[in-house]
Amino acid sequence: MKHHSGTSFQRSKLADSRTFRMWWFPFITGFAFFLFSLPGNIFQKPLSTIVYSSENTLLSAIIAGDGQWRFPHSDTVPSKFRAALIAYEDKHFFEHNGVYLPSVMRAIYQNVTRQKVVSGASTITMQVVRLSRNNPSRTWFEKFTEMFRAMRLEWKYSKEEVLSLYASNAPFGGNVVGLDAAAWRYYGRRSDQLSWAEAATLAVLPNAPSLIFPGKNQELLLAKRNRLLDLLHARGFFDAQTLELSYAEPLPQKPFPLPQTAPHLLNTLVKQFGKGQRFQTTLQGNLQTRCNEIVDRHIQQLEGNLIHNAAVIVIEVATGNVVAYVGNSSDAQNRYGNMVDVIPAPRSTGSILKPFLYTAMLHDGLILPNSLVADIPIQFDGFAPKNYTESFDGAVPASLALSRSLNIPSVIMLREYGYSRFYHLLKKIGFTHFKRPADHYGLSLILGGGEASLWDISHAYAGMGRTVLRYHMSGGKYFNDTFELQHLIQQNAILNSTEEQFPPFDAGSVWCTFKALLEVNRPETELGWEAYSSAAPIAWKTGTSFGNRDAWAVGTTPEYVVGVWVGNADGQGRPLLTGVTSAAPLMFDVFSTLKHNLWFQPPFDNLERTTVCHQSGLRPGLHCEHIDTILAPTAASHASSCNYHTLIYTDEHATQRLTTNCATTSDMYPRTWFVLPPVQEYFYKIKHPEYVDFPQLGPGCGEEESEPIGLIYPKSDAPVYIPKNIRGEFERVVLQATHRQQNALLFWHLDGQYLGETRTIHQLEISPIPGSHLLTLTDEGGHIFEKKITVIEK
Numbered sequence: 128m129k130h131h132s133g134t135s136f137q138r139s140k141l142a143d144s145r146t147f148r149m150w151w152f153p154f155i156t157g158f159a160f161f162l163f164s165l166p167g168n169i170f171q172k173p174l175s176t177i178v179y180s181s182e183n184t185l186l187s188a189i190i191a192g193d194g195q196w197r198f199p200h201s202d203t204v205p206s207k208f209r210a211a212l213i214a215y216e217d218k219h220f221f222e223h224n225g226v227y228l229p230s231v232m233r234a235i236y237q238n239v240t241r242q243k244v245v246s247g248a249s250t251i252t253m254q255v256v257r258l259s260r261n262n263p264s265r266t267w268f269e270k271f272t273e274m275f276r277a278m279r280l281e282w283k284y285s286k287e288e289v290l291s292l293y294a295s296n297a298p299f300g301g302n303v304v305g306l307d308a309a310a311w312r313y314y315g316r317r318s319d320q321l322s323w324a325e326a327a328t329l330a331v332l333p334n335a336p337s338l339i340f341p342g343k344n345q346e347l348l349l350a351k352r353n354r355l356l357d358l359l360h361a362r363g364f365f366d367a368q369t370l371e372l373s374y375a376e377p378l379p380q381k382p383f384p385l386p387q388t389a390p391h392l393l394n395t396l397v398k399q400f401g402k403g404q405r406f407q408t409t410l411q412g413n414l415q416t417r418c419n420e421i422v423d424r425h426i427q428q429l430e431g432n433l434i435h436n437a438a439v440i441v442i443e444v445a446t447g448n449v450v451a452y453v454g455n456s457s458d459a460q461n462r463y464g465n466m467v468d469v470i471p472a473p474r475s476t477g478s479i480l481k482p483f484l485y486t487a488m489l490h491d492g493l494i495l496p497n498s499l500v501a502d503i504p505i506q507f508d509g510f511a512p513k514n515y516t517e518s519f520d521g522a523v524p525a526s527l528a529l530s531r532s533l534n535i536p537s538v539i540m541l542r543e544y545g546y547s548r549f550y551h552l553l554k555k556i557g558f559t560h561f562k563r564p565a566d567h568y569g570l571s572l573i574l575g576g577g578e579a580s581l582w583d584i585s586h587a588y589a590g591m592g593r594t595v596l597r598y599h600m601s602g603g604k605y606f607n608d609t610f611e612l613q614h615l616i617q618q619n620a621i622l623n624s625t626e627e628q629f630p631p632f633d634a635g636s637v638w639c640t641f642k643a644l645l646e647v648n649r650p651e652t653e654l655g656w657e658a659y660s661s662a663a664p665i666a667w668k669t670g671t672s673f674g675n676r677d678a679w680a681v682g683t684t685p686e687y688v689v690g691v692w693v694g695n696a697d698g699q700g701r702p703l704l705t706g707v708t709s710a711a712p713l714m715f716d717v718f719s720t721l722k723h724n725l726w727f728q729p730p731f732d733n734l735e736r737t738t739v740c741h742q743s744g745l746r747p748g749l750h751c752e753h754i755d756t757i758l759a760p761t762a763a764s765h766a767s768s769c770n771y772h773t774l775i776y777t778d779e780h781a782t783q784r785l786t787t788n789c790a791t792t793s794d795m796y797p798r799t800w801f802v803l804p805p806v807q808e809y810f811y812k813i814k815h816p817e818y819v820d821f822p823q824l825g826p827g828c829g830e831e832e833s834e835p836i837g838l839i840y841p842k843s844d845a846p847v848y849i850p851k852n853i854r855g856e857f858e859r860v861v862l863q864a865t866h867r868q869q870n871a872l873l874f875w876h877l878d879g880q881y882l883g884e885t886r887t888i889h890q891l892e893i894s895p896i897p898g899s900h901l902l903t904l905t906d907e908g909g910h911i912f913e914k915k916i917t918v919i920e921k
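Here the sequence shown is numbered in the numbering used here, starting from 128 and rising by one per residue.
Read the hints as simulated data drawn from the structure, not as lab findings. Keep in mind that the hints are not guaranteed to be accurate.
Claimed, not checked - With a straight-line Cα cutoff of 25 angstroms, these simulated SDA-like cross-link-like pairs (lysine to any residue) come out:
id, residue 1, residue 2
1, 812, 752
2, 814, 707
3, 604, 729
4, 812, 848
5, 812, 823
6, 842, 793
7, 351, 291
8, 381, 345
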């Protein structure tokens with residue numbers, strides 16, 4: 128019995144289990160199907176790529192891969208379209224779970240009794256499902272599938288999300304999909320800016336998208352729109368006056384072309400992040416449009432010189448936001464590479480890096496603002512820099528060398544600072560295109576031997592301006608992201624800056640640099656700007672690359688940095704293509720559209736009143752007579768003292784120097800004399816007629832204490848190249864020297880052989896053979912100057 132009872136129990140348990148599986152298995156299977164009946168992303172179609180301004184204005188767009196204007200999904204639905212859509216399509220939208228049964232029952236009854244489709248009973252949710260399934264043929268099976276998936280859709284998404292899915296994917300006629308694309312195509316503005324009449328028109332279109340074509344079914348579309356307006360008015364969405372005004376609004380006609388205000392930026396963003404995205408940028412729509420117009424207007428003028436391309440970037444100094452980005456001039460046929468975005472492209476820098484070197488040397492106390500720097504013919508290991516004017520000043524204040532963009536003083540300053548050190552400084556402040564070691568560039572780095580982009584250059588200047596602004600705002604602090612704040616895509620997160628103990632530049636040095644750049648001569652179109660009270664000061668710098676291939680101009684104010692590049696995208700150089708003549712006028716035109724009335728306040732806590740020698744710009748030495756007081760960076764205390772002045776004794780009229788060997792103390796008059804080295808003196812006197820020659824020693828007064836002879840050519844350790852003529856003979860070469868005394872007589876010898884003599888103008892033609900030679904110069908006073916020179920056949 129026990130055994131039989133146990134067997135019966137087991138059989139009963141097995142039967143219960145089978146019953147459970149029979150009833151619950153279909154339920155579980157159906158629930159699982161319900162859960163997974165929708166893909167993770169129900170709309171998997173290609174999207175347009177769009178760029179918006181900071182004011183949410185469409186700047187540029189690229190059509191989707193399937194030829195549709197289908198904008199990326201928007202989470203929000205404008206209130207007017209939302210009300211119109213629900214009133215027209217699904218007035219019980221907020222009452223059902225995806226399927227409204229009374230409408231379904233009514234539709235079944237009508238369709239069965241009339242034996243044709245009279246109504247579909249589709250809710251907005253069901254229409255979303257149908258759109259996601261590419262509008263399959265209308266069958267009973269498809270209708271039940273839509274109902275099932277609509278309930279699943281509402282289980283997964285909120286009502287507002289369902290509305291946004293509909294608004295983003297509904298057809299609006301032709302190749303226009305989604306509310307945002309329709310608003311721009313038919314009305315030329317954002318969907319949240321539509322009027323009630325416009326919102327009502329778009330609300331009825333998905334139900335009959337073919338009505339939108341101009342000249343076709345306009346009366347039917349108008350009737351549908353007006354009936355919907357009546358319904359909205361009856362439900363209290365607007366008053367009778369608004370209704371009458373809405374009746375009067377015309378229907379859309381030919382679709383508007385989508386804006387192409389920032390096409391180069393759009394292409395660049397696609398390369399970086401891919402297609403099918405919405406980019407919310409920091410650009411200001413109106414400024415972007417004005418900058419496009421300015422660029423195209425200037426290119427029309429420059430095309431006479433076969434210059435076809437230009438780029439402009441405008442940056443807010445305080446925030447680092449890019450507010451205008453014109454990657455190139457426009458040309459519908461793209462004949463000259465006009466679709467190339469020049470802003471991120473590396474180009475030869477020309478002289479545009481010189482202010483960073485000047486600032487760095489002020490920061491380290493290696494110079495003072497007006498320290499004299501040599502400007503003479505010079506050569507370094509085969510590198511012979513030349514000034515743009517091909518003239519020499521002999522010696523020039525550092526600030527003037529910067530404002531005049533003299534090349535030779537800049538190279539001499541870089542040699543003192545160290546090109547490797549400067550190379551690493553540039554990388555620290557954001558220059559990303561120096562891919563080779565510092566030795567590859569050498570001293571040519573300061574004259575365009577390396578490449579940089581307009582993006583990097585402009586942001587580095589903005590970083591300098593931000594250094595001064597933040598110093599004032601923070602009470603004298605520096606921050607680690609000062610040269611990193613460069614925003615093009617709107618930022619959601621707030622960056623937390625940390626204090627930096629050793630910034631690349633101090634505020635005082637930057638302020639002095641900007642002060643020097645205020646003195647840069649403006650182009651002819653800007654002459655006399657100081658006379659206008661409304662004209663704001665701009666610290667600006669230009670650059671021109673070798674071969675006149677690239678023209679740069681960058682201007683800085685406390686509010687903005689404007690960076691400009693002009694040239695040809697294919698690298699072709701053109702005569703007269705320079706920063707001053709080609710890029711600067713464009714830059715000033717952009718500034719004329721900006722509100723910039725302020726100037727940098729002196730960072731007094733980072734400046735100190737410093738006494739300097741009036742003539743040399745250095746800290747006063749023992750014999751400096753004329754002293755000036757200037758504002759200089761605090762590192763000025765480390766700067767060198769003046770060694771250009773010496774104490775001498777002369778006769779009463781300062782025509783001869785005297786010593787106790789040739790005169791009594793009563794006949795000797797003490798004087799302080801400003802004396803430059805011979806070669807510097809030679810060129811300095813040409814442009815400074817007030818310079819007084821160092822007096823000669825009187826008869827019997829002794830030997831000269833300093834070297835009066837200097838060699839101008841050949842320069843430094845540079846070799847002498849001599850060409851051959853058509854007969855195979857070596858041409859003659861002209862050597863040039865200088866003597867401190869104007870009427871001195873010089874005797875020339877080469878390898879011990881006498882060549883000749885010169886007076887006043889010390890130039891001599893020689894015909895040396897290739898090889899090493901010893902050049903010897905002597906004067907009547909017995910001074911000897913010797914120099915080994917190397918002659919190379921060319």
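Check each numbered hint from earlier against the structure, then list the numbers of those it violates in ascending order.
4, 6
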